[in-house]
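Chains as they are written, first to last, in the working numbering: chain P, 302 to 370; chain Y, 499 to 758; chain C, 120 to 426.
Rather than coming from a laboratory, the hints here were simulated on the basis of the structure.
Everything numeric in this text was worked out from a predicted model, so none of it was measured.
Treat the hints with care, since some could be wrong.
[Said to hold, decoys possible] Taking lysine-lysine and the DSS-like style, the derived pairs with C-alpha atoms no more than 27 Å apart in a straight line are:
{"#": "1", "chain 1": "Y", "residue 1": "Lys-518", "chain 2": "C", "residue 2": "Lys-125"}
{"#": "2", "chain 1": "Y", "residue 1": "Lys-751", "chain 2": "C", "residue 2": "Lys-125"}
{"#": "3", "chain 1": "C", "residue 1": "Lys-257", "chain 2": "P", "residue 2": "Lys-367"}
{"#": "4", "chain 1": "Y", "residue 1": "Lys-751", "chain 2": "C", "residue 2": "Lys-193"}
{"#": "5", "chain 1": "C", "residue 1": "Lys-233", "chain 2": "C", "residue 2": "Lys-137"}
{"#": "6", "chain 1": "Y", "residue 1": "Lys-751", "chain 2": "C", "residue 2": "Lys-271"}
What follows is the residue order along each chain.
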Amino acid sequence: MMDQLTNTQLWTILGPVLALQLLLMIIALVVCIRTEETRGPRWMWVLIILFGNLIGSILFFIFGRKLAS
Amino acid sequence: MTQWFVLYCREWLELVRSYKLIWVPIVFILLGASQPITTYFLPEILASAGNLPEGTTFEFPVPTAVEVLAQTLGQFGTLGVLVVALSSMGAISGERVSGTASMILVKPVSYGAFVTSKWAAMLTLSTISFAMGYGAAWYYTMALFEAVGWREVGGSLLLFALWLGFVGTLTILFSSLLRSAAAAAFSALAVSVLLSLSASMLPNAFAWSPGNLSKLAASFVMNHTAEGLWLVVLVTFCAMAAALTASAAVLRKRPSLDAA
Amino acid sequence: MNHLLKVEGLAKSFAGSKAVDGIHFTIGEGRCMALLGPNGAGKTTTIRMITGLLEPTSGSISFRYQEPGMDRRKLIGYLPQIPAFYGWMSGKEFLVYAGRLCGMSARAAEASSKELLERVGIADAGKRRIGGYSGGMKQRLGLAQALIHKPKLLVLDEPVSALDPIGRREVMALLSELKRETTVLFSTHVLHDAEELCDDVLIMREGRIAIHGAIDEIRASNRQPVLLLETEGDERSQGWVEEWMRHQPAFVQTAEVTGSGLRLVVNDVGAARRMLLAQLAEADVRVTKLEFGHTSLEDLFIKAVAR
Chain P
302 MMDQLTNTQL WTILGPVLAL QLLLMIIALV VCIRTEETRG PRWMWVLIIL FGNLIGSILF
362 FIFGRKLAS
Chain Y
499 MTQWFVLYCR EWLELVRSYK LIWVPIVFIL LGASQPITTY FLPEILASAG NLPEGTTFEF
559 PVPTAVEVLA QTLGQFGTLG VLVVALSSMG AISGERVSGT ASMILVKPVS YGAFVTSKWA
619 AMLTLSTISF AMGYGAAWYY TMALFEAVGW REVGGSLLLF ALWLGFVGTL TILFSSLLRS
679 AAAAAFSALA VSVLLSLSAS MLPNAFAWSP GNLSKLAASF VMNHTAEGLW LVVLVTFCAM
739 AAALTASAAV LRKRPSLDAA
Chain C
120 MNHLLKVEGL AKSFAGSKAV DGIHFTIGEG RCMALLGPNG AGKTTTIRMI TGLLEPTSGS
180 ISFRYQEPGM DRRKLIGYLP QIPAFYGWMS GKEFLVYAGR LCGMSARAAE ASSKELLERV
240 GIADAGKRRI GGYSGGMKQR LGLAQALIHK PKLLVLDEPV SALDPIGRRE VMALLSELKR
300 ETTVLFSTHV LHDAEELCDD VLIMREGRIA IHGAIDEIRA SNRQPVLLLE TEGDERSQGW
360 VEEWMRHQPA FVQTAEVTGS GLRLVVNDVG AARRMLLAQL AEADVRVTKL EFGHTSLEDL
420 FIKAVAR
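Just chain P, same shape as in the assembly:
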């Protein structure tokens, strides 16, 4: 099947998905750095987001922050 695809076609398929994943990671990183208090050390969350892929960012958004104060 792939033989029928040119490189550009491949990128039009995968490009948006990869871009979105990157966007999620960047948002997670920005939030992680800017938030007042993280649950556990901040650098740990940065590593989790950078190397944990999609799951890392999700984990940070769910468990990484303290919302009430």
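On the provided structure of chain P, position chains Y and C as indicated by the hints.
Below, chains Y and C alone, put in the same frame as chain P:
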């Protein structure tokens, strides 16, 4: 009504400020898009894995477009449900434990409105996210496989969104019963797994159960109809109403947990 | 005196133990009442029942302005011991939200929030996220949100005990201003705070009321003369003190040995003075200090609480 709207606006603001309104839809879109894409590339991926004898040829039955969408619903049935439960697990317990509930509920606020505003926010978030994710799956299925009609997609979307909303409602109920957010998410997930299992193992005895919803959604996209749909939908609505009523009653009994 | 709040037979048990044990009291309109007592006396439990955060086991709570079926919470402004906020909201947003929940229009809540922020002294921080506020600022914001709907009764649970001395001073000053405008009920375990602010006190001990009344009346009616004697602590003086304790005259109510001297609560200060001075001179006791005074509210508080 004005008061309910004020409460709902606060929930909406929290969805925005906590970035939930950004990350949950993105996660759903990624989930939705990945299923048709990996299905499409699966033969290539397996072939390039390399530890197969030279000359082996694959004869994969190419799945039909509606099968791909049904598989996508299966993905949402695990990871999507998990994200919905985890993102609303602290809805009530968080406020009760931190003490914000005792700041708000000493004001002349209806307990029912407090609970339903949170419920409505959860429903908004899960439905928007799922619709976007399913939309992405639909788009990729059309691009890589073949066209699927909007009626099949729309019907299955509504049925599956109801299932997600039901799991979210369970999470809110457990969030008002239990002190720990993680325990609430776990309980809601456990109950939803039990419902699904019981419905698929004993289809006759549990024909009414909300646990059928994900199966119904998959069968709707494949066959354009689903048997016994209305009974399940009705039971689900009643169960959600009962869960919300119970949740409000628990809150009225003990509005805060911050001081023992 | 017109009562604003009337509490009758209020009781609460937790798992069999009685945290509050059938108390009765009223709060007069426009008065400031301190709910005083050691930790664990049932102050917070009482307050939470009044605000509706805790269901009483038995008893009733009624307001003068409360029509049948009306939500009591409309009349109450409440500041918990440690106020909690949504860290992602700004101070102003929280006040507007609180006001709107109390049924104010968007415009009224906006105006009122601005005025209250000004008044509690955090106008500059109004636009900042509450997550970055200090403890004192949160306390002020907590006070502002309790006042937003102009409540008939302002209920404050230990409003100053978590603050540093400067924050404490400022909040106390704010409270003394507020008590002119509305009825205040606040709990504290520090007698000094109660004396500084309040018209009435209600002293609780183990879930019951030990003393209840106007602070001036209690002070006047429980005022007793006190005699304080200190000596150099030499052997002869000590001996005299011991000997004296064994033959106490009739005017002595309570007597205790304090280090090298005596502390006497007496009912006839004239007789006590004459007799004691004569005895001291005769026995040639090495007196370093002899003081004639009165019992303070603190003595009463300690007596009431530590019985």
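Now for the hints, and whether the structure bears them out:
1. Between the alpha carbons of Lys-518(Y) and Lys-125(C) the distance comes to roughly 46 Å, so the proposed pair goes past 27 Å and is violated.
2. Taking the CA atoms of Lys-751(Y) and Lys-125(C), the gap is about 22 Å. The hint holds against a cut of 27 Å.
3. At most 27 Å may separate the alpha-carbon atoms for a hinted pair to count; Lys-257(C) and Lys-367(P) meet this at roughly 17 Å.
4. In summary, the hint linking Lys-751(Y) to Lys-193(C) is supported, as the alpha carbons are separated by about 19 Å, within the 27 Å threshold.
5. For the given pair, Lys-233(C) sits about 43 Å from Lys-137(C) by alpha-carbon distance, which is inconsistent with the 27 Å threshold.
6. Between Lys-751(Y) and Lys-271(C), the direct Cα distance comes to roughly 25 Å. Compliance with the 27 Å bound is thereby established for this hinted pair.
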